[in-house]
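Enquirer: With chain B's structure known, arrange chain D on it following the hints.
Chains as they are written, first to last, in our numbering: chain B, 1 to 322; chain D, 1 to 322.
The hints are simulated quantities; they were obtained by calculation from the structure and are not laboratory data. Don't take every hint at face value.
Identical chains share a label here; the pair holds if one copy fits it or two copies do between them.
[What the hints assert, rightly or not] Pairs of lysine-lysine, DSSO-like flavour, derived with a Cα cap of 27 Å:
{"id": "1", "residue 1": "Lys212", "residue 2": "Lys258"}
{"id": "2", "residue 1": "Lys186", "residue 2": "Lys19"}
{"id": "3", "residue 1": "Lys287", "residue 2": "Lys19"}
{"id": "4", "residue 1": "Lys186", "residue 2": "Lys258"}
{"id": "5", "residue 1": "Lys212", "residue 2": "Lys78"}
{"id": "6", "residue 1": "Lys212", "residue 2": "Lys287"}
{"id": "7", "residue 1": "Lys192", "residue 2": "Lys287"}
{"id": "8", "residue 1": "Lys186", "residue 2": "Lys78"}
{"id": "9", "residue 1": "Lys19", "residue 2": "Lys258"}
{"id": "10", "residue 1": "Lys192", "residue 2": "Lys258"}
{"id": "11", "residue 1": "Lys78", "residue 2": "Lys258"}
{"id": "12", "residue 1": "Lys192", "residue 2": "Lys19"}
{"id": "13", "residue 1": "Lys19", "residue 2": "Lys78"}
Number of protein chains: 2
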Amino acid sequence: MRIAVDAMGGDHAPHELVKGAVQAASDLDGVEIILVGDRARVDAELSRYVCVNGRITIEHAAQVIEMHEPPAAAVRCKPDASVVVAGELVRSSAADAMVALGHTGAAMVVAAMRLGRIEGISRPTIASPLPGRNGHMVLLDAGATVDCEPHNLVQFAVMGAIYAERILGVPAPRVGLFSIGEESTKGNDLVKATFPLLRAAGLHFVGNVDGKDIFRGAADVIVCDGFVGNAILKVAEGVGEMILDAIPDAATRGALAKRLDYSEYGGAPLLGVRGVCIIGHGRSRAKAVANAIRVAKVAVEQGMVRHIHDALSTRGLCAQAH
Amino acid sequence: MRIAVDAMGGDHAPHELVKGAVQAASDLDGVEIILVGDRARVDAELSRYVCVNGRITIEHAAQVIEMHEPPAAAVRCKPDASVVVAGELVRSSAADAMVALGHTGAAMVVAAMRLGRIEGISRPTIASPLPGRNGHMVLLDAGATVDCEPHNLVQFAVMGAIYAERILGVPAPRVGLFSIGEESTKGNDLVKATFPLLRAAGLHFVGNVDGKDIFRGAADVIVCDGFVGNAILKVAEGVGEMILDAIPDAATRGALAKRLDYSEYGGAPLLGVRGVCIIGHGRSRAKAVANAIRVAKVAVEQGMVRHIHDALSTRGLCAQAH
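With the rest of the complex left out, here is chain B:
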């Protein structure tokens, strides 16, 4: 299996990307990693490691999309950008999956253009890990689709449940609809219209869950629109940061920081596209990179894309129905 990694994406590229790839290559059996980026710079980093066993290769890409660039325009104007070349490798079947940690918007545009959407999916979604009391949960959408219709949320729920079950190994994942109260009458218009659809979607639907419930482990998969999902993730990070900074004891602070650290959980898959695309924080370090590559491997092995396609067809939840 070959996984293309955008080696130039994020705040610590290519150093941490290469380091993470080397770690993944040594940890994961049967994975060949293609580092996509400036050959000279990536090679300089790679040469620091004595033993990569020929399982890491470099694919040259002359351009880089910077964090501040508007995604669609940048992808159009920079056909030789590392993230674009990584997507092209998957499109042409030269790679089985892509990992892009850095410019999420650019990675989404590349995935949409190069991989295309799974038949029947109207909007893609980012399934983000969210730390909870008992391990982590899956939150989606984490920001791919900010304005949603009820049928988008239903598709997110189905995709999230498949991801949780097949890739994270959660049996019969409990799906919760994020709202501002548990009662089915609580919520905004979107949530109220989505509730009955989710109940009929053939999932293990546990009803509405609110911002306190989710951190108590009320659901394995939490569904919301991309605006709310991104808000939840950033508020959780912001509050965590504020509280950690106020803890005087360094050891306690360190232990808690580790528990809340996203890099412990790996990257977030972009679901709904015809290929495996794992995205993540621009500030990812080697550990998060290695985790993202591991997630990509499992998603390919488990046939995640096919399962999503089948689940939507079976349930009659394809976009054409709407």
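Expert: Chain D only, in chain B's frame:
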């Protein structure tokens, strides 16, 4: 000045309500408190305090609205409920303000029906305190109006700025529009449509603020729709709870819990109605009750309702304009 307090609202009524009222009566000059509720039960609590100086009276109300009751129906069916009687005291000018900690929905219905909306206000809003790094900020809407139009958010911003300046004493409060990124192009349709209106609203508008920015003190007043606002508050509480529970040292845990505790900040005003109505957590204890009464006092003294009316008229932001 007379402040009507629903003595039967919340999880610890009437015990903590009476205790908080006694504390407020002793702390605040010129305030007479009317405890509204079952006379026998309230009197039994009140008789435990030797010296209330005649500044606390009881107004009998035979009924109580329970937390699980649907607000509109409960207010209609229970005309003698404590929260309804408290609202009636304000409507008839027998009291200058009402404090209702418990059933937020019922308090809102009472305020809307008994006090009415300020001329030009299309939707009321709850301005909630939110703990931050450097003291607390004001978040609105905290859940009064879950589905909003851009002009609702602009009215919330104006009301929040007046509340922060006049009642909390923040000079020229910085107003931020909650979004999922700082750039003016980030956000959902609602946020994008609201941004230019806020820029033109004659406020100290600092642009978009995200879930991490707000806890770093990027704004004094944070504006969003009631669904997102309520989500932010509950996520912040949920994350705080989760982290606190994981801190082994009891002293550290206690100090942080105090800092995150809502009761330190007082109640949340319902803004946009023709009278002062302070609402709050159903689990409020005496300290939160006393704080809420203090907020009510300042709001009356400062002529909050008149300032909101004037500010909207001056800016031409009344609902008729839309």
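Enquirer: Against each hint, give a clear statement of whether it holds in the structure.
Expert: Results of checking the hints against the structure:
1. In this assembly of identical chains, Lys212 and Lys258 lie within 27 Å of each other by CA distance both inside one copy and across copies; the values are 21 Å within and 18 Å between.
2. Taking the shortest Cα distances, Lys186 and Lys19 never come within 27 Å of each other, neither inside one copy (47 Å) nor across copies (33 Å).
3. Proximity of Lys287 to Lys19 under the C-alpha cut-off of 27 Å is restricted to the intra-copy arrangement: shortest distance 9 Å within a copy versus 53 Å between copies.
4. Proximity of Lys186 and Lys258 under a CA criterion of 27 Å is satisfied in neither setting, with 35 Å inside one chain copy and 30 Å between copies.
5. Proximity of Lys212 and Lys78 under a CA criterion of 27 Å is satisfied in neither setting, with 43 Å inside one chain copy and 31 Å between copies.
6. With identical chains, the CA atoms of Lys212 and Lys287 are at most 27 Å apart between copies only, with a shortest distance of 23 Å across copies and 29 Å within one.
7. With identical chains, the CA atoms of Lys192 and Lys287 are never at most 27 Å apart, being 40 Å at best within one copy and 36 Å at best between copies.
8. In the homo-oligomer, the alpha carbons of Lys186 and Lys78 lie at most 27 Å apart only across protomers (22 Å), although the nearest pairing inside one protomer, at 46 Å, exceeds that limit.
9. Taking the closest pair of Cα atoms, Lys19 and Lys258 come within 27 Å of each other only inside a single copy of the chain (20 Å); across copies the shortest separation is 42 Å, beyond that limit.
10. Taking the closest pair of Cα atoms, Lys192 and Lys258 never come within 27 Å of each other, the shortest separation being 37 Å inside a single copy and 36 Å across copies.
11. Neither within a single protomer nor between protomers do Lys78 and Lys258 lie at most 27 Å apart by alpha-carbon distance, with minima of 37 Å and 52 Å respectively.
12. In this assembly of identical chains, the alpha carbons of Lys192 and Lys19 never lie at most 27 Å apart, being 46 Å within a copy and 40 Å across copies at closest.
13. Proximity of Lys19 to Lys78 under the C-alpha cut-off of 27 Å is restricted to the intra-copy arrangement: shortest distance 26 Å within a copy versus 68 Å between copies.
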